[in-house]
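Undergrad: Line by line, the protein sequences give chains F and W.
For the first sequence, position 95 (counting from the first letter as 1) is numbered 95 according to this note's numbering, and the numbering increases by one without interruption.
For the second sequence, position 87 (counting from the first letter as 1) is numbered 87 according to this note's numbering, and the numbering increases by one without interruption.
No farther apart than 27 Å at their CA atoms in a straight line, the calculated lysine-lysine pairs in the DSS-like style are these:
| # | chain 1 | residue 1 | chain 2 | residue 2 |
| --- | --- | --- | --- | --- |
| 1 | F | Lys81 | F | Lys26 |
| 2 | W | Lys117 | W | Lys34 |
| 3 | W | Lys117 | F | Lys26 |
| 4 | F | Lys26 | W | Lys34 |
| 5 | F | Lys81 | W | Lys117 |
| 6 | W | Lys129 | W | Lys117 |
| 7 | W | Lys34 | F | Lys81 |
Derived from the structure by calculation, the hints contain no laboratory data.
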Amino acid sequence: MTSIMIDMFLLGLLVFIAVMILRTGKLFAVIVMSGGYSLTSAAIFVNLDAVDVAFTEAAVGAGISTVLFLAAMSFLPAEEKAASKSDSTFSRTLIASIVCVVAGGLLVFAALDLPAFGDPNAPAHMHVAPRYLEESGTLLHIPNVVTTVLASYRGFDTLGETIVVFTAGLGVLMLLAGATRTRRPDAAQSTAQSTATSTARGKAKKGAAK
Amino acid sequence: MLMQLAAIWNYLIVILLMMVGLFLVISRANLVKKLVGLSIFQTSVFLFYITLGRVSGGTAPILTDAPDTLYSNPLPHVLILTAIVVGVATTALGLALILRIRESFGSIEEDEILAAKNESAAADMAQAKPGAEA
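All chains, please: the whole structure from these sequences, using the hints.
TA: Below, the structure written as structure tokens:
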């Protein structure tokens, strides 16, 4: 019972953080809050018995991706442009609301048919999971079943994952390496201008600080 | 009624979080905020999977010597471990794209980028047909 109470409290906290992200225009605050969102969801994973997922989420989701966002922010403007009261903004918000309400309604309708939370006889627990839990201890002698499934039973999935990560890393490298080499002369000029304005802005800020 | 609500409470909250993420992706013009929305959506999908893998009265799927221990389902955990790492890879790629967009167009606001793109397209047209404007 306490675990359900903790679960409900943490989920409520997640909703609160998500709404705050929605309402904040300062991008640094948004990024730090999304790190907090990841950390809170890691706490929920611990509560739901998924300890491996929890520490991966805490290290990778809350740690590395926050660092990546902050590193990228050193090249980007720190504030979201204030939403203008133009028609396009309004129609965009309207369309987004309609899409979200319709999709959310359909998902809630589907969720009513899902097995109850924690039901041990749910179909998801009847398929291959019992075999993994019974066999892996005597067959492979690794106590952590998640590790066994990840590296042995579904090793090819993990191979595919590393290929995806490798491809993404390659893409990032090519995108950022090309930034310094294949620059059109007019683009170079405009970046020079933008850096000039940003340094001017920095000077202005320093001046304000003084 | 209360028990029924508790049985699907996790699903309802996860759907709410998903829709907040989707709303951020569609409605915000700022590309960084779109990416944060995407990661909110992603994390709520993770929560959904882990919720499905939970067995009440169970424990983490690490084998113990005690017989008849009830374990949670390890399979969703494995799938989500993979998904978390892939999620960071896509985030990194998205941020690299944003940096390049910022370099080319001088902005990370969607409407300003579109305006700059239309402007440069119009300038190209005018260059291609020098007699058109005169």
